[in-house]
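**Student:** Now for the letters of each chain:
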Amino acid sequence: MIRVENVTQHYSVRPVLTDISLTIPQGSRTAVIGPNGMGKTTFLSVLAGVLEPQRGHVEIDGIRRRSSVDKELALRKKAFFLPDRCYLPKMRTGREFLLGVGRLYDIEELRLFDHAQRLFSLFNLTELADSPISNYSAGQQKKISLASPLIIEAEILLLDEPFSGGLDPAGILALRRVLTRLAEENGCTIVFTAPVPELVAENADRLIVIRDGQIAVNDSIADLLTKTGTGRSVEQMLNEQIFPESEQNVADYFAGGVA
Amino acid sequence: MKRFTIWMREVLPPKWLIILMAFCYLMSIAVPQLVLYYFDLYEIQEETGLLKTPLFCLGMFAIIFGLYRSGAFHPIFQNDYREWLAQTPWSHEKPLPRGPVYLVAQDFLILCMISSLSYFHDPELWLITPSLFLIAHSLMCLMSFILTQEYRYAYVITFLLPSLLYLYESPGLSFISVAIIAIISHWGLRKAMRTFDKWSGEQNHFLQTNSQLAKEMRLKNILGWPHDSMGPISSPKNPTLGWAIALALQAGWWSFSVILQISDRPEFLSLIIGIGIGLWVCSFIPTSRCLSGHAPPINFWGRMRTGRWIIPSYDKIFLSPLVVSCCLTLATCMTLYFPQSLAIIFGVAATFYVFFTIYFTPDLDEWRLTGNHRIHPGFGINKTELVQTQ
Chain A
42 MIRVENVTQH
52 YSVRPVLTDI
62 SLTIPQGSRT
72 AVIGPNGMGK
82 TTFLSVLAGV
92 LEPQRGHVEI
102 DGIRRRSSVD
112 KELALRKKAF
122 FLPDRCYLPK
132 MRTGREFLLG
142 VGRLYDIEEL
152 RLFDHAQRLF
162 SLFNLTELAD
172 SPISNYSAGQ
182 QKKISLASPL
192 IIEAEILLLD
202 EPFSGGLDPA
212 GILALRRVLT
222 RLAEENGCTI
232 VFTAPVPELV
242 AENADRLIVI
252 RDGQIAVNDS
262 IADLLTKTGT
272 GRSVEQMLNE
282 QIFPESEQNV
292 ADYFAGGVA
Chain B
127 MKRFTIWMRE
137 VLPPKWLIIL
147 MAFCYLMSIA
157 VPQLVLYYFD
167 LYEIQEETGL
177 LKTPLFCLGM
187 FAIIFGLYRS
197 GAFHPIFQND
207 YREWLAQTPW
217 SHEKPLPRGP
227 VYLVAQDFLI
237 LCMISSLSYF
247 HDPELWLITP
257 SLFLIAHSLM
267 CLMSFILTQE
277 YRYAYVITFL
287 LPSLLYLYES
297 PGLSFISVAI
307 IAIISHWGLR
317 KAMRTFDKWS
327 GEQNHFLQTN
337 SQLAKEMRLK
347 NILGWPHDSM
357 GPISSPKNPT
367 LGWAIALALQ
377 AGWWSFSVIL
387 QISDRPEFLS
397 LIIGIGIGLW
407 VCSFIPTSRC
417 LSGHAPPINF
427 WGRMRTGRWI
437 IPSYDKIFLS
447 PLVVSCCLTL
457 ATCMTLYFPQ
467 SLAIIFGVAA
477 TFYVFFTIYF
487 TPDLDEWRLT
497 GNHRIHPGFG
507 INKTELVQTQ
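Protein chains in written order, with the working numbering: chain A, 42 to 300; chain B, 127 to 516.
In case anyone wonders, no lab produced these hints; they're calculated from the structure. From the three backbone atoms N, C-alpha and C, an ideal C-beta is built for every residue, glycine too. Warning: the hint list may mix true and false statements.
[What the hints assert, rightly or not] Computed footprint of chain B on chain A, listed as stretches where at least three residues anywhere in the stretch have a Cβ under 8 Å from a Cβ of chain B: (1) 44-53; (2) 90-97; (3) 183-193; (4) 281-290.
The task is simple: from the sequences and hints, build the whole structure.
**Tutor:** Set out below in structure tokens:
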């Protein structure tokens, strides 16, 4: 379980997150969505320990982030953060990269070899497994970077925009299924950000909407649908929650054009 | 004869090295003679110093042999050998399979031979060759003590080494001093070999630095962001307060001894200015390790506009270079007022320099894992080796 207590963060004078408190239950797939520049990545970075918030703190399974060297090392093994844009070693092969990540996290060698091979199959990268990463296309690079949190078998995955960055439909489908099964069968907690509501409905069971640095929505999708009434799709409901002014903006635009 | 050869082979360097040394020695005799003959310099042969060439050559052999005797036989310097030995039932009472790490009778014979040749070339300076052998051997032992975590022996040897600066004009006294250092090295070696089980294991921080930790660090460096900064990797710890003081005193003693020897030389001032600038730059190295990949919690404009010009929990990393700068400036000013006490001033300055550099720099693990900063990938990313995903 992840607990966020009164977190406030600002880089300059504008607060990006203001006094945020919430709890993310274990085994949930939580989507963090919101308009651009509203603090989704900052929120995930606070969860991941990438930055120390100006105020407040984060606890993972009762252990406070950055509280001591040993605890933080243990948390880094438990919770893996994958940023939206990674740096990958150009001249290493995909297999070398994945095995390297696994070794860094002390995964047993034999299991590592097998798991790496299965990940290449999952993302249709088997033929490229022993080619340098510089030969990979943008989408293939995204796939190999997405394979790295999976190979370390972390209990908590913090993924920043995992479904963007040139991922093809097969890759999106594979990732979606894997995340669902990891949460349902292994009890993994998955928190990811997404720029558009369309990706949320099938990939998440919980939703956090950040708007103006504050939590606008923090609930399970099922409860949200119940609250907002029947006869509407998740997408419609999300659009109303996240971008309430969008429909009006479109209407205003065309109204202006006709005039 | 065959038994003698087998007995000697226990400690002898490889054949090719012996042949090379013999060839060099013969050349060091022949070439000066040829030069003296060709240029007809026999009348001033003493002034040319050409006749000292064989002695110089023998001194070099003594150094090479001294380094070889410890470096090639001590398991700490040979990863494969050490790892294999750890798998066998070997214990310190038994002889080492690759040959003795302690000095033995064969070494004495070889030294006698080199010393006799030295005596033949220069009856006054011949003691330099065995001294050089013992210094080289002790220096390798010193390194082994650091790696085997016998820090006390390493400290004592390092503390005694500057005595040679005071005694170098008297080969006899130098030799006695070196012999004392060699005896301490021998005790240290015995102590280290008795604790083989401890230092060959995983808990040895320096061995981890050499193998496992280095492997992790290499992995970390080649895997890119976020693994380089967010991976669960430990860094070497800072020395304790006691060791920080001990190391600082050691640095002060060395500075005092060296400056006492060179302060009357004409190039002293420029040398000291150069060293001072170098030391000042070096004081930023620990800070740069903390700065690398760790941005302040709020940016520069944020600091200005919120009035939090100083953030103690982040800005503490600048304390060490700041104090060191003050220390060096103070030392420079003091030399102007007390030019006759240069050695003392620089000795004290070096003591404080080392102490502040070690003690005021945050422990890298503490800083990386619990510090008040933002981890960011831009700093130190090697863009020629890494590619950014879209």
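**Student:** Which hints from the list above does the structure break, by number from lowest to highest?
**Tutor:** 4
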